[in-house]
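So the chains spell out like this:
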Amino acid sequence: MRVLFLAAGLIMNSASPAPSGDGPQTTPSASSLAAQVGQLEKQLLEVKKEFKKQIQERHDSAEMDRLTREVTAKRISIGKALVALAKQNPKDASALKALVMAFPLLEKQPEQHEALALLNKHHTESAGVGDVAYILAFEEEGDHVPFATEIVKRNKHPEDQAKALLAIGMIHRRRLGQDSGTDEDRTRSLAEARKAFERLKSEYANLKTKGNRTYAERVDILLAGLANVANLRVGKQAPEIDGEDLDGRTFKLSDYRGKVVLLDYWAHW
Amino acid sequence: MFPHERSLVKKLEGKPFVLLGVNGDDDDPKVKEKNSKQQITWRSFKNSRPGKPSLADEWNIDAWPTLFLVDHHGIIRNRWEGSPGDKVIDEAIDQLLDEIGKTPAK
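For the record, the sequence lines run as chains F and C.
With the numbering used here applied, the first sequence covers 1364 to 1632.
With the numbering used here applied, the second sequence covers 108 to 213.
Among these hints, one or two may not hold up.
[Unchecked claim] Calculated pairs, DSS-like style, for lysine-lysine (alpha carbon to alpha carbon, straight line, at most 25 Å): (1) Lys1415(F) / Lys141(C); (2) Lys1573(F) / Lys1405(F); (3) Lys141(C) / Lys1411(F); (4) Lys1516(F) / Lys1564(F).
Note that these hints are calculated values from the structure, not bench results.
With the sequences and hints as input, model every part of the structure.
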């Protein structure tokens, strides 16, 4: 089953990024492309709304699996249509928007590679492409550091540079937490993640993230979290949790030592 | 997820097992109302903590849901981003419950 909600949506509030390209594009084909992309965007919103409504109702697991398969098929078909549109005029601003929208819909589809190749070729300098780098940071397939690095190097927009840099740090952080890989790999990933976060803090400190925090604040939290990553792997002692329950009573994870604990990071949304 | 979690809690009642949540609905005043509607009876930490990093930040959570299965010694034995499916979770829990009989808690 696919991951329902990536932290990308939670932190950056960018579940449906709609970046604009560099400068207006006013050829007739561009305006019709924009209209067609706009229609698919509406369809996608409908699919999301419907799915959200359906999962609010009570379902058993089989029913949930069926709904998930259904929504995945719809997302893939919209994603493919978006890539097909973008290919008509890949440099266009609407093509960028289409590719950004299509990317997360096309999990494990060949069109996802096409979308990425087009973005890489035509849009590392476009405004809004930082959102793609950030989404890519949470993809399991492929190495997306080179794409994000290109954006940091070539893009003139501080927002995009910062998001791409954040993406680089997140990718290394994720590698650090993975169970495969040697201690040497992890040492390197930790250093790379720290380097990206430190640079973000020194060069983009006062820039706001979409969560309306500054990058300095966001990065401080990320750096603090980095200290924990190596302990969050299979085979390690779970770090202590000291918190409050929903009624405001304090308790600890270790209160349940001696029992098997399924710890579930969950939410209603 | 919720139906499976409800049935897990019921099925393993009386066994040395507990389902704990970390709830990410930080700013939602209706969370408790929603819980009772969905029959969510298990205990959850609040994700956000005043004056401290949120638990999701401290645990470097990249995706919701993320699940950790912790054994009776407090060792992380599985980590899943997104549910791996009911059967995988059930079998992993059963295996750890079996281990308890063989190696008593420290």
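So, going through the hints one by one against the coordinates:
1. Lys1415(F) / Lys141(C): 15 Å, holds
2. Lys1573(F) / Lys1405(F): 23 Å, holds
3. Lys141(C) / Lys1411(F): 20 Å, holds
4. Lys1516(F) / Lys1564(F): 17 Å, holds
Violated hints for the displayed structure: none, as all numbered hints are satisfied.
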